[in-house]
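Q: From the two separate chains plus the hints, produce the assembled complex.
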Amino acid sequence: MHNLGFALDGAWRVLLAGLLLGAGLPVLFALGIRSLAWADAGGVARPAGRTLGYGLFAVVILGVLLGITFIVATGFGKALSFEHIYPTIVPKH
Amino acid sequence: MTQASVVLALVVVTALAFDFTNGFHDTANAMATTIATKALKPKTAVALSGILNLVGAFLSVQVALTVTNAVVKIQNSNGTPKESLVSDGGSALLLIILAGLVGGIVWNLLTWLLGLPSSSSHALFGGLIGATIAGLGWAGVNWNGDGSKLDGVVGKVLLPAVLSPVIAGVVALVGTWIIHRITAGLAARHTDQGFKWGQIGSASLVSLAHGTNDAQKTMGVITLALIASGDWTDTKNIPFWVKVACALAIALGTYLGGWRIIRTLGKGLVDIAPAQGMAAQSSSAAVILASSHLGFALSTTHVATGSVLGSGLGRPGAQVRWRVAGRMITAWLITLPAAGLVGAAMWGVGHLVGGLAGALVVFAVLVAASLAVWFRSRRTPIGSHNVNDDWEPVAPPAAPADEPARVPVTAAHGGV
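Residue numbers (our numbering), protein chains in the order written: chain R, 26 to 118; chain U, 48 to 463.
Bound conformation, chain U alone (with noise of 0.2 Å):
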C-alpha cells in the first residue's frame, strides 16, 4: 500500500463514520414522537427506522456527487475535483475532506452528549467551511452563489434553518389544533388504534426519506475521495460498495438509537399525546418532501422539532419548555461556526505535520475525542430502558430541568 491509499482509507473510514453518527443523531426526527406516545416500543421503532433508511439508501440509485458545490469550491459542476487541488495525487483535496468530516463527527457527537437535535447536514457542511477557509482562503467558500438560484452558504444553510422550524410549526400547530376540535369528546378507543397507525405511517415516511437523501450525502463524498485520488473516474455511477457501505453506516446508526436525543424531542420540548404525535409527524413528512420536491430542500432536524414545538402550541393546555428550546436553537446556531472551528484545527494539525503522518494524528485525535465523549455518556446512561421516563422528577430532588443528562437513572446497561 502507498502512503495516498493509506490516506484514502482513513477518508472513507471517516466518511462511514460521519455517516453512522448521521443515523443515530436523526432517529429521533422520525421515531422520538411515536416512542413518547407509546404508539411502538422503543426497540420496535429504531428497527423499523433502521430498515427503513437502509431501504431507502438503496432506493439512491441516481447519487449527485456535487454534494459539497452547494458551499465550497472544491470541485467542478459535473463533480470531478477541481484540477489544482488533485495535482499532487489529491493529497490536498483528502485533507480537506477528512478535516470537514472529523468536524462534522466531533460536533454530532457532543450535541449526542448533551441531548441536543442539530442539523447533522449543517455539521458536515460547517466542517467542510472550516477545513475549506484553513487550506484555501475565504474565496474557497461559496458564501452567496451566482444568483441564478438558492446556492451557497446562506441559501442553502442560513436561510433553510430560519424557515424550516417556522414553517414546519405553523403546519403541525395547524393540524394539532383541528385535530383535536375534530376528535374531542371521543372515547380513546375509538382514537387510540387509528392515532397510533397514523404516527407510524408518518414516521415510516420520514424513516425512508432521510435513507435516500443523507446516505447519498456520503456516498458522494467518498466518490469523490476515490475521483481525487486516481481510484475511480466514473462521474456518473458510484461504486457498489459504496452503497452498500453507506446503507449499511446509516442503518446501523439509526438502529443504535441516539437515545439521548430522542428523549429531548419526544419527552423534553412538550409532552405529547397521541393526536399531536400524528399532527406533529405528518407535517414532517409532508414539508420535508414538499421541500424536496420544490428544490427547497430543509434540514430533516429543523423541520422534526419545528413540528413537535408547533404541535404543543397547537393543543390547548399543552405545555412547552421554552428553555430546552432556547438550548436547541443556540445549538443550532453554533453548529456552523463549531464544526467549521474543528474543521479549520484539523486542516491545520494535518497540513502542519505533513503527509500521512498528519493524516494519521487527525485521525488518532478523531478517536480520541469520540471516546472522551463515549465515556463521559456512560455516567448517565440513557437507552430505551430509560427513554420515556418523566422530564422532570416529581419527587424530591428534583434535577434541573434542562439538563437531560443529569436524570437519575440507575440501570448500568442501556444504549445510546
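One chain only, chain R, in its complex shape (with noise of 0.2 Å):
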C-alpha cells in the first residue's frame, strides 16, 4: 500500500498549510474587524486600533494575492516555489 503512504504523507502537509491559510488569515481577519471595532468604541478616537486593522487586513490581502498568482503560475504551467522564504514562480518539474 505505498499509496497510503504518499497521501497521508500528502495529508498532515496540506492539513498544517490549511490550518495556517484557510484558518489563520480569517482569524488575523477577525482581529482586524476586533481592532476597527476597538478604534470607535466608546465615542473615544483610538488610531492604533484604526492603523492595526488596516495592518492585518494587508496581510489577508497578500495572502489572498499569493492565491491568485499561484493559480495563474499554475495554468501557464508553472509552480511557486518557497525555497527563498518568499515565492518565487519557477517551471513544473
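Hints listed in this document are in silico derivations from the structure and should not be mistaken for laboratory results. Owing to the predicted nature of the structure, the values given are computational and were not obtained by experimental measurement. Using N, Cα and C, we set each Cβ at its ideal position, and we do this for glycine too. Keep in mind that a hint or two might mislead.
[Claimed, not checked] Calculated pairs, PhoX-like style, for lysine-lysine (alpha carbon to alpha carbon, straight line, at most 25 Å):
(1) LYS243(U) x LYS103(R)
(2) LYS103(R) x LYS85(U)
(3) LYS196(U) x LYS283(U)
[Said to hold, decoys possible] Simulated coverage check for chain U against chain R, where a stretch passes if three residues somewhere in it have a Cβ under 8 Å from a Cβ of chain R:
(4) 232 to 238
(5) 329 to 338
A: The following block contains the structure:
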C-alpha cells in the first residue's frame, strides 16, 4: 500500500498549510475587524486600533494575492517555490 | 463527412456537455455559503462565479493531455493514445471516451436532481473506468499506480476522497471556533460588512481555481479524441477552439447555477452564519490551492462539503443535519461504481450495434436520459427565487427534512 503512505504524507502537509492559510488568515481578518471596532468604541478615537486593523487586513490581502499568483502560475504550467522563503515562480518539474 | 468524423463530432459535443454539467454541479462549492448568508444575491453570485470560471479556463495555457492516465491505460505517458486503440482510425478509443463521458454526465444529472453535491471528476473517472473495463478488461485500469508516486484509482481517487473532507473540516472547524471567540459581542455593524467581503474574496478564489482545474480536464479529453482520429498531432498544445469552447461551456454551466445543490450545501447541511461562511470558504480555498501545490489534488466538492460541515461543528449551538450529510456521503461512495456501470453499459451498447450507428445509439440514450431528468426536475423546480427558503418548513404540513426536492414551491419559473 505505497499509495497510503504517499497520501498520508500529502495529507498532513495539506492540513498544515490549510490551518496556516485557511484558518490563520480569516482569524487575522477577524482580529482586524475587532481592532476597527475597538478603534471607535465608546466615543473615544483610538488611531492605534485603526492602524492595527488595516495592517491586519493588508496581511490577509497579501495572502489572497499569493493565492491568485498560484492559480495563474498553474495555468501557465508553472509552480510556486518557497525555497527562498518568499515565493518565486519556477517551471513545473 | 466520413463516418469517423461524425463519431468524433459526437464525442466533442458530449465532452462539452460534460463540461457544462461540471459547471453547474460545482457552482455550489464556491457560492453556496455566500448565497445562504446573503453576502451576495443569488443571481449576482452565480454571475461572478461564471465569469471567474471563464477567466480561469482561459488561464489554462499549459494543458496536460494525460488527464485519463490517473485511472485508465488508454494513453502513453506523452499524451498520445495507445497505438493498439487507434489502429482502426481511432474508433476503439473514441467509443471508450464517449461511453465514459456519458456515464459521467448521467451520474452528474441524477445527483443534481437529488440535490446532492458529488464530485464531477469522480463521475468522469468512474465513467472512463467502467467503459475501459468493458472495452479492455480489468488490466486496462490503472488501479494502484507503479509505486513511484501517488497514482491510480486508489491514490488519485479513493484515498483523497476519504481524506479531503476531514482535512477541510478540521481547518474550517478551527477557523470558525476562533473567529467566533474573537468577534463575540461585537455589534453587527462592525462584523457584517467585513464577513461579507471575506466571503466574496474566498469564494472568488475557489471559482477561479475551479475554472483553471476543471475546464482543463475536458480540454485534455477533447484533444485526446482529436489525436486519436488523426485530426491533431501536437501533444504540446491544444487547438484554440477547444479552449474557447470548454471555457464557455463551464462558465455557462456555472452561471446556470445548479440551484438544487446550492440549496443542499448552503441551507440543508447546517444553518450558516456569516462568520462561518467566511471560515468555510477560506478553508476550501486554502485546502484546494495547497493540495494542488503539493501534488495531492483533492476534489473541490469534497473539500467544500467538508468545510461547511466543519464550520457547523465549530460554531457553538449550530446544528448539523447528519441525515443530509449521510445521504451525501452515500452518494460519494457510489459515484465511482455508478458512473462506471453506466459507462460500461454504454460501451456494451455501442460495441454491440457497432460503428457510427453504435455511437449514435449511445448519444441518443444520453439525450433521452437528460430529457427524462429535466422533466422530472420541473415537478419541483428550485431556482434563485426559492434557493434560500427554510430547509424545514416552519408550518405544517412538514416536508421530509431529507428531501430537498419535495420542498413545496408554487412558482413555476426558475432555473436549475
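Q: Each of the hints needs a verdict: does it hold here or not?
A: Against the structure, the hints:
| no. | hint | in the structure |
| --- | --- | --- |
| 1 | LYS243(U) x LYS103(R) | violated (32 Å) |
| 2 | LYS103(R) x LYS85(U) | violated (36 Å) |
| 3 | LYS196(U) x LYS283(U) | holds (23 Å) |
| 4 | 232 to 238 | holds (count 4) |
| 5 | 329 to 338 | holds (count 9) |
Violated hints, in rising order: 1, 2; the structure is consistent with all others.
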